[in-house]
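Visitor: The residues making up each chain are set out below.
Protein chains: 2
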Amino acid sequence: MLKMKVQDMTIEYTTTPKEKPDLSTLVFGKTFTDHMFVMDYEEGKGWHDARIVPYGDMTISPAAMVFHYGQTVFEGLKAYKNEAGEITLFRPDENMKRLNASNDRLCMPHVDGEFVIDAMKKLIAIEKDWVPAKAGMALYVRPVMFATEAYLGVAPSKKYRFLILLSPVGAYYKEGINPVKIAVEGEYVRAVKGGTGAAKTAGNYASSLKAQEVAEANGYSQVLWLDGREHKYIEEVGAMNVFFKINGEIVTPALNGSILPGITRKSVVQLLTHWGENVVERQLSIDELIEAANNGQLEEAFGTGTAAVISPIGELFYNGQKIVVNEGEIGTLAQKVYDTITGIQFGTVEDPFDWRVQVATT
Amino acid sequence: MLKMKVQDMTIEYTTTPKEKPDLSTLVFGKTFTDHMFVMDYEEGKGWHDARIVPYGDMTISPAAMVFHYGQTVFEGLKAYKNEAGEITLFRPDENMKRLNASNDRLCMPHVDGEFVIDAMKKLIAIEKDWVPAKAGMALYVRPVMFATEAYLGVAPSKKYRFLILLSPVGAYYKEGINPVKIAVEGEYVRAVKGGTGAAKTAGNYASSLKAQEVAEANGYSQVLWLDGREHKYIEEVGAMNVFFKINGEIVTPALNGSILPGITRKSVVQLLTHWGENVVERQLSIDELIEAANNGQLEEAFGTGTAAVISPIGELFYNGQKIVVNEGEIGTLAQKVYDTITGIQFGTVEDPFDWRVQVATT
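Residue numbers (numbering that gives the first Met the number 0), protein chains in the order written: chain A, 0 to 361; chain B, 0 to 361.
Because the hints were derived from the structure by calculation, they are not lab data.
Note that identical chains are pooled: a pair holds if it fits in a single copy or bridges any two copies.
Think about it this way: if two alpha-carbon atoms lie no more than 30 Å apart in a straight line, the pair counts; the simulated DSBU-like pairs of lysine-lysine are: (1) K120 with K29; (2) K96 with K265; (3) K44 with K17; (4) K77 with K158; (5) K265 with K121; (6) K180 with K158; (7) K173 with K158; (8) K180 with K192; (9) K157 with K173; (10) K29 with K44; (11) K77 with K121; (12) K192 with K231; (13) K29 with K158; (14) K157 with K17; (15) K77 with K4; (16) K77 with K2; (17) K2 with K127; (18) K19 with K157.
Model the full assembly from the supplied sequences, consistent with the hints where possible.
Guide: Structure (structure tokens):
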């Protein structure tokens, strides 16, 4: 297969550009920009027809395997615009590594991560006026890839489509960071060792909706997932990774094959290590957590993810017991991590790790 | 919501009917008929726009939630044509019950099963010349439903599409029933209690491909899935349910929340009970099975599913040990079950259970 080059990509500009939305009322994930990136894959031919086209509906066979057997992977990252108008991405190489790891698990072909990042940069450059130039806001970038072969046999598809969609997002925390209430999930399971939990694939999210629905009906924002084997060890919170500060030690569940290897998670571990904090990736049981809370040793709890960066947990509900964390307030560590990572993303804080990747817009 | 009626459905006939395929060379799931059934759902409006249209590509948003978060359920059943030209379906009411159970697990709206069966019958009547009139052949019917709202938030979609696709299928066993070789899966897991294993949803199939790929590379046709919690109890084989005859007792794993409640499985249990056989739905460990095999008590092993009806297992591979079942031949019980169920389906054997449902074609 020939190596794809961004110079060879065709670009079709829209003739009907949309009006930019009011950023103050923007809802996450409902507004899309004027263009999208598309390429197609066919066994024997590889990836081909890389193109930027006007954002809009596409045609697909109703027998496309994605609808029936769910081969699909995706990624999520953000583009930020600083006060000087410079646009940067946050660690896009990590997204490409994870995308291809997800592809391995789902029996889907790899993409050329370098080319995809180049195409992503080109697309963002075209849409540069869609990137909000305000701290807390960003252009959400959604690479997604799915099976398109029209075939009802249970087997890996021989055809795929890869897209990059862009969606401007307003401030995640419109009124400052408010810690959320979390219910520990006792019945449903997000993933299990040997399953697809470590891959960023649609089925994991479809599977999670029911528990979320039950939690919301009971007044909780998210669920804390326990492992699928013993219902004993903490895995994730909602669609985020999770950290706890227990008696001075900062613990996040070790990657075990069923936990998603979050890029924000990885960045938080690196940052805490850089600061000389005592951060440990290990197995953490719900019993240990509850005991620590009851002994007054649970100092902080927070989720990490691309959307919120940091989402502090103010209350945990488990087995009829309500556990208030840090008096329901955001902890000093969570606040410091949030300020630093968002600062690096917006270019207002030094970036000792070279996490920022510039998007050329001229 | 108004009850939908099949009389109110719009029908658009194709102006370019396709040539019927050569049944002797037909590959499962690659040929589709001239028409398909479609209806759409929107929160607040319910199911609407029920229609039969020419089979072909459809337009959909690239942000449709099915591509990202995998809310999708499907069913599979067959229409058979007997020598008198009469067309029947096999237990379509069971498919509708399971479809709505899957919808519950995936936070998707119910369909009106009675209406869908009526629409299915109407579609099949239009395509009656596509139903092969030969024992062993059939028209495969694929109802499928997926999330269509253009939204990147992780939440149940507010819009869905439901389709029925039809695909003529040739003989599953072109050269008589040949027992297959099965590898017991030691690493990957199909489903776990608390997950989506009991629902007929895309993610389960996507998740299963990797183990299948490894098994095939090692010369096995399918994998025998063990439970996700302890890797100890038998769950399914490939995409089928599984039965073992051990020392006169016919055992199939009891439905436990992670096993798909197969309609062929249910029919086999009912048939065996009707015959006065000693059939038991219970937990069955791989250790018990291997011990029975080593003691010469494993008499038969077979999978059950819509595609093959019965798929005898001639060899099992587990922990380095090859176990040959019934000298690699189909057992007398498996053969009798196969002949009876396919006979009922084709109308050549009496149907004491009223499983056949007539499709009016005039």
